[in-house]
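*Asks:* Residue strings, one per chain:
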Amino acid sequence: MQDDPVIRVIAKVLIPAMMLFALYVQFHGDYGPGGGFQAGVIFAAAFILNATVFGANRGRHVWPERANLLAICLGVLLYGGTGVASMWLGENFLDYDVLGSDPVAGQHLGILLVEFGVGLTVAAVMVSLFFTFSGRLSHIRLMNRVDAHDKAHPEGDTDE
Amino acid sequence: MEGFVINALLLVFLAIIAIAALRRKRLFGMVMLSGAFSLVAATLFVVLDAVDVAFTEAAVGAGISTVLALATLSLVPAEEKPHSISIGAAIVALATGLLLFAAVSDLPEFGAPDAPVHVYLAPDFIEGSRTDIGVPNVVTSVLASYRGFDTFGETLVVFTAAIGVLLILGGWTRPQKAKGKNPEDDHAG
Chain A
1 MQDDPVIRVI AKVLIPAMML FALYVQFHGD YGPGGGFQAG VIFAAAFILN ATVFGANRGR
61 HVWPERANLL AICLGVLLYG GTGVASMWLG ENFLDYDVLG SDPVAGQHLG ILLVEFGVGL
121 TVAAVMVSLF FTFSGRLSHI RLMNRVDAHD KAHPEGDTDE
Chain B
1 MEGFVINALL LVFLAIIAIA ALRRKRLFGM VMLSGAFSLV AATLFVVLDA VDVAFTEAAV
61 GAGISTVLAL ATLSLVPAEE KPHSISIGAA IVALATGLLL FAAVSDLPEF GAPDAPVHVY
121 LAPDFIEGSR TDIGVPNVVT SVLASYRGFD TFGETLVVFT AAIGVLLILG GWTRPQKAKG
181 KNPEDDHAG
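From first to last, the protein sequence lines are chains A and B. Here the numbering used here is used: the first residue of the first sequence is 1, the next is one more, and so on. Here the numbering used here is used: the first residue of the second sequence is 1, the next is one more, and so on.
One should not assume that every hint holds.
A partial selection of chain A residues facing chain B, derived with a Cβ cut-off under 7 Å [to be verified]:
hint: 1; residue: 31
hint: 2; residue: 42
hint: 3; residue: 48
hint: 4; residue: 79
hint: 5; residue: 81
hint: 6; residue: 107
hint: 7; residue: 121
hint: 8; residue: 125
hint: 9; residue: 133
To be clear, the hints were calculated from the coordinates, so they are not data collected in a lab. Note that CB positions come from ideal geometry on N, CA and C, so glycine has one too.
Based on the provided sequences and hints, a complete structural model is requested.
*Replies:* As structure tokens, this is what we get:
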């Protein structure tokens with residue numbers, strides 16, 4: 001699949017469009033259908049398409065694995081932090097009225113932050129799930145190769 | 001009449017896809033059919049004016065789930081294991097189905113304005129979404145503001161599930177102190 005020019009060209013055209021659409025779904029969720037969950041999944045789909053077409057190694061290069069755990073936690077912390085911030089300003093947990101100059105502006109800001117937290121967590125979770133599964137595959141292939149090598153050289157020579 | 005024809009067609013499609021997926025032996029075909037099932041279900045949600053749910057179903061059910069199932073398929077055999085039908089399980093499934101059918105007659109009519117779910121809190125939410133929150137999409141205002149606690153819980157569920165999968169499958173190991181410093185072990189993700 002990685003050598004098929006049609007798939008490569010289509011993926012190259014589609015991936016930026018998918019990411020842009022994900023951002024639109026994320027930040028336009030107040031006005032149209034969509035929100036953090038959907039945007040996160042679409043954003044992750046762009047990365048997964050990249051990894052399936054151009055290989056998992058290049059996919060990992062674009063989205064470093066260590067950033068994953070950070071993004072997963074940051075999203076939840078952003079959501080919880082918005083709630084704590086509204087408590088800090090004298091309201092109930094996750095009551096956004098006090099976040100802005102007037103209640104409506106506060107609600108807008110709160111919903112934006114909370115949805116962004118959801119999107120961040122969902123996107124990172126989906127990408128890391130995919131990479132975990134595909135990494136498992138390459139691990140199994142590696143172990144098979146080691147087994148085959150051990151069977152071919154039962155004396156345990158290490159000069160390779 | 002039009003709505004009835006469209007609904008009937010989509011439901012028949014759903015049933016056909018479900019039966020075809022059940023009868024399939026090769027797992028690849030099953031995964032593809034479950035993706036198709038999600039896509040038809042998403043269309044059904046659009047017909048029911050639940051655009052946000054349809055969006056989620058298309059993105060998660062037809063998109064990511066199919067990809068994850070395909071990734072899993074590369075780790076397992078291509079064919080389903082042969083198995084016989086268990087009589088006890090069939091009886092339980094049939095009885096549950098019959099009970100659900102019996103419960104359908106107690107449900108309020110679809111779209112009835114005086115259904116309990118439409119008279120208790122929904123009018124406040126619909127009115128408040130315009131005046132208190134100023135968000136035109138009522139789904140977003142309910143999801144993120146009125147029901148912010150629930151959504152926080154959902155996000156935590158996703159978070160916990162991902163941490164669990166990463167811990168089980170991700171190959172995270174405790175750095176082994178006995179073998180001395182081996183920096184590769186610390187972040188073998």
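*Asks:* Find the hints from earlier in the document that the structure breaks and name them by number, from lowest to highest.
*Replies:* The structure breaks only hint 5.
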